[in-house]
Amino acid sequence: MSESVTENVEPTVAELENEGDIAADYLEELLDIADIDGDLNLDVRQGRAYVSVEAEGDGLSLLSAPDTVQALQELTRLAVQSKTGSFSRLILDIGGSRDTRRRQLETLVDAAAAKLDEGASQASLPSMSSYERKLVHDIAAERGLVSESYGEGADRHTVLRRR
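The numbers in the UniProt record's numbering rise by one with no breaks, and the one at position 162 of the sequence shown is 162.
Just so you know, nobody snuck in bad clues.
What follows is a list of derived Cβ distance ranges for each label pair:
#1 120 / 37: 46 to 52 Å
#2 28 / 146: 41 to 47 Å
#3 36 / 78: 17 to 23 Å
#4 96 / 75: 18 to 24 Å
#5 15 / 115: 41 to 47 Å
Keep in mind that the hints were calculated from the coordinates and are not lab data.
Even glycine gets a Cβ: it sits at the ideal position worked out from N, Cα and C.
Using the sequences and the accompanying hints, generate a full structural model.
Written as structure tokens, this is what we have:
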């Protein structure tokens, strides 16, 4: 008897907390294998389990690169999915990587807004993950811009316009 993976049912806070616990166990094992000391913090934000890894000094510097965080997030989501049988939208932050990425996205949106101020009718941003596009939509709204996502899969990107 096989379990099916569902994506459409919104998980409860208890289920999200369980995802966080499973993710923390998985990440602790990875950190132990890599001989990296780190503290894990679990939270539930906007309908997602949120796991952050913090450490003193630069112990996490190699792991906090955007591509590495994305890869570790996907591996952690798969570990959670294998234990729960449900799709996970867990967010992983390593050494403040999410705040750093948000600042980078704010810079991208500000550069796009400058192009719009110079007369462009719209400005396209590079392809990015659904989480990053969500951040871009939030940042664009804060700056009074209209944002829409276009494309499929790895080519999905955001286009910004003035209201």
